[in-house]
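Spelled out, the chains give:
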Amino acid sequence: MDDDLKKLDDLSRRKFLNYTARALLGVGLASTTGAPLWANVMSPTKGRPNARNVIYIYLAGGMSHLDTFDPKPQADSQYGPVNVIPTNVAGIQLSEWLPGLAQRANHLAIIRSMTSTQGAHESGTYFMRTSYAPRGTIQHPGLGAWLMSMSGKTNTTLPGNVRIGGSAQLPGREGFLEKRYAPLFVGNPDKGLNHIKQHGRVSDEEMQERLELAQLMDLSFHQKYNSKQITSYGDMYDEAIKLMTSQDLDAFNLRKEPGHVRERYGNSQFGKGCLLARRLVESGVRYVEVNRGGWDTHNDNHRQVEVLAYEIDQVLSALVDDLYWRGLLDETLVVVATEFGRSPGINRNQGRDHHPAAFSTLLIGGGVQGGQVFGATDERGGEVAEKAVTIPDFNATIAYSLGLPIEQVVMSPSGRPFTLADKGEPLRMLF
Amino acid sequence: MFDWNTYGALHLVLLHVPIGLFVGILALEVGLNREKHQETYDTAMGVLLPLCLLTSILTVRFGYALAETDYNWEDVADHRQFGLSYVYLLGTATLCFWWNRWRENNAAKGLYAVFLSFSFIALILTGHSGATLTHGPAVLDDALPFLKDNRRAIEEQNSATQSDSAKQSNTAPANPFTTEAYAILDAHCIECHGLNKRKGGYRIDVPRLARAGGDSHKPGIVPGKPDESELIIRAELPKGEEGAMPPGKRAPLTPEQLAVLRSWIEAGGQFPGEATKTEAKLDPKTVKQLDALRDLGAAADFTPWGDGTVLVNLSQMESPDWKLCHTKLKPLAGKLVWLNAANQKWQPEFYAQLKNFPQLQRLHLENSNVTDADLAKLAMLKDLSYLNLSSTKITESGLKTALALPALTELYVHGIDVTPKALNELRAQHDAVDIAGLSVKEFPKEEKK
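Protein chains in written order, with my numbering: chain B, 1 to 431; chain S, 432 to 880.
This is chain B alone, in the form it adopts within the complex:
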């Protein structure tokens, strides 16, 4: 077993070498040479990419940007626009349903000029998570897997890439990368990890024997097919066993958290998911994804969004405070993303329909300067009016804040070239 672990280290070390070489030759350079004209202006006095970790919050269904982060109080809508409230940053207004975040706007970078080309949930989600439109012939990796493969995890027995809520099958998994970069799926944040306890009737010794037997059975197969993909599966077993016996498992136990902290996050699954995300990041997990569905408000948009917005307002406020107070917000990038926005027009069910042409996302922390709004939509909120941000651009920005090599070409097993954010160009001026 020890030998196996060493082997694992070898592999990650090679990756590490590879990565650092690229990182030095690639992304970082713009920052060392001051502000070249073309490098969409980055002054050294402002922030710099600082992120080590990502908490990726995904609002599935398509968040209505018009009723949350990009309200249009002047627009005339037969059901009335949402009222706006001032924030603690002069000149930025948010929907009245986000009172908590309005008080923390100095931490938020709101991107109001997102634009997508995919108007259906499946393809929109796929595009958002991978920067590529879905293709029948290949599965593209998500950012968590890219981070694991290019930079590796912090040295802990916990997995480096965790997905909370949603479904284990959602796109943005390991794609064509190795299996061990896939996110560990936690369905219910309250229950933590399933199947992690040793069976009561199996003693440690027996467990060891069984594992050895399994290894023995695999031996000839491994010798015959000594490929990365195959050993990758073996690594997963080793990591699972390490995890079972680890002290770090406490990170998954929300009851270890004091009552007043749990209260701030609230009692919803989403709140608990975000609390778990913070605990995991504190314990060295580098990429945590928290999913919250229900934003597909085709019916009765205003009433539904009000409920949803108050929930994310409470949870995100708690998360931002919590990370900020602990000094983690600087090196943890909180991303709030969704697949598309919702239409300015109200349909006959008092709902809003899919609207990929314009929507909003949030970046918080990780070196991103808070208290700014990037881009704008037209007066109805239907089209991007300035500084359009494509989904590859958005994902490239996340990668940039982590210091990942955006231009590095990675070959899929079938020999096709890919980069982690397709042709995306990071928004360096956000930092």
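Among the hints, a few may not be true.
Said to hold, decoys possible - Below, a sample of chain B positions facing chain S; criterion: calculated Cβ distance under 8 Å: (1) N50; (2) P73; (3) A75; (4) G284; (5) G293; (6) Q314; (7) S317; (8) Y324; (9) W325; (10) R326; (11) L402; (12) G403; (13) E407; (14) Q408.
These aren't lab readings, by the way, just hints derived from the structure by calculation.
Please read all numbers here as calculations on a predicted model, not as lab measurements.
Don't be surprised by glycine CBs; every beta carbon is placed ideally from N, CA and C.
Since chain B is already given, all that's left is putting chain S on it; use the hints.
Same frame as chain B, now just chain S:
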């Protein structure tokens, strides 16, 4: 509307059909006794040839769709050209066949044989280049081992020439036209081909994308070759011509401006800031030192800033031995700017020896056993801007010591035992420092059940 691009992947399935039909055609040509079975031959060929041609055309169309969505246009150039010539040759062969059937003549027969043979060759070449794309360049070597040595020789040659050109580019002088050329682009092009608009999917403000080109799939700037650069080609088109740039009522570029752009691209087409940037070399020594730390169980990495500085995270180690860590950290002293030493019970000398790392900018000590007295030993860290003391036993006097650090801008005090009043006073005194967090006294009381 039927969207070809969605079904590009069908190319990979459909391509087998014309190949199968073509084999059938060849089999009939070779195996069928023409004198005995002229009628059968005519009927069979009359079906097979058009069918083969039709499926070939379909395959090519799907191939275009696949190339547009999943592949780099240049990478598939060979495959595309072979495929197209195959279709043209087969089409001509089919025409000759019908010509011969319409009015039997030897010229048609001969031409038919020639075109069919050539289309066979083109098909083989297309198939091979396609297989190389899908299965990698080693596709034949694996089946035919004797080819391997050949390929290795070619690879060696390639790498040799590559390193030669790399040497050259290192010594290349800065491009004298860069500033002027960029000013022209900035004044006339970047408004529409920049961050805000990206017309035609093309951006000129980012060097990488300016070279790659836009939706036309033609390279925008080919260093050294202005005539192949779409940017120049479009700018030189006469006013009113399809695709001429700048479009509409805007004034075209003057001949002088075009000349500048041409000379700029001829000289390499570097963007401002690019020519001066020295290729940051990966320092193998640093990598080795980081490796040594990883072997200890620490996380060690370069910072995301790309300036060769490093960060080390000791917070997830199981009871680390500081002496050992220190010997491994020592060689990195000049580069270590970010140290995470949280969650640990450090030996007393740890805090004293932190002065050996004068470059430190970010220091995590949350949940550690740091005391007020230890903080006094940090005074040597003149660049320290981030200090995390959350959940430690630090008191007000310790905070005052910490706040004396000259470069400090962020101080985290969440969960330490200081009165809220004292914290607010410190905040008022040090408005340049962001003192973040709640003191334990501000935590809501737990309800006792």
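Tested hints:
The beta carbon of B/N50 comes within 7 Å of a beta carbon in chain S, closer than 8 Å, and the hint placing it at the interface holds. Violation of the interface hint for B/P73 is found here, the shortest Cβ-Cβ separation to chain S being roughly 25 Å, above the 8 Å cut-off. At its closest, the beta carbon of B/A75 sits 23 Å from a beta carbon of chain S; the interface hint therefore is violated under the 8 Å criterion. The restraint placing B/G284 at the interface with chain S holds, with a minimum CB-CB distance near 4 Å, inside the 8 Å limit.
Taken as an interface hint, B/G293 does not check out: its beta carbon lies about 26 Å from the nearest beta carbon of chain S, beyond 8 Å. Taking 8 Å as the C-beta contact cut-off toward chain S, the hint placing B/Q314 at the interface is violated, the least distance being around 16 Å. Checking B/S317 against chain S: minimum C-beta separation of about 14 Å lies over 8 Å; hint violated. With a cut of 8 Å, the hint placing B/Y324 at the interface with chain S holds, because the nearest CB-to-CB distance is about 6 Å.
A least Cβ separation of about 4 Å between B/W325 and chain S falls short of the 8 Å threshold, and the interface hint therefore holds. Using the Cβ-Cβ criterion of 8 Å, the hint placing B/R326 at the interface with chain S is satisfied: the shortest such distance is roughly 5 Å. Here the hint on B/L402 is kept, as its CB sits about 6 Å from the closest CB of chain S, short of 8 Å. For the restraint placing B/G403 at the interface with chain S, the shortest Cβ-Cβ distance is roughly 2 Å, inside the 8 Å limit, so the hint holds.
A hinted interface residue such as B/E407 counts as satisfied when its beta carbon comes closer than 8 Å to some beta carbon of chain S; here the least separation is about 6 Å, so the hint holds. Taking 8 Å as the C-beta cut-off, the interface hint given for B/Q408 is violated, the closest approach to chain S being about 12 Å.
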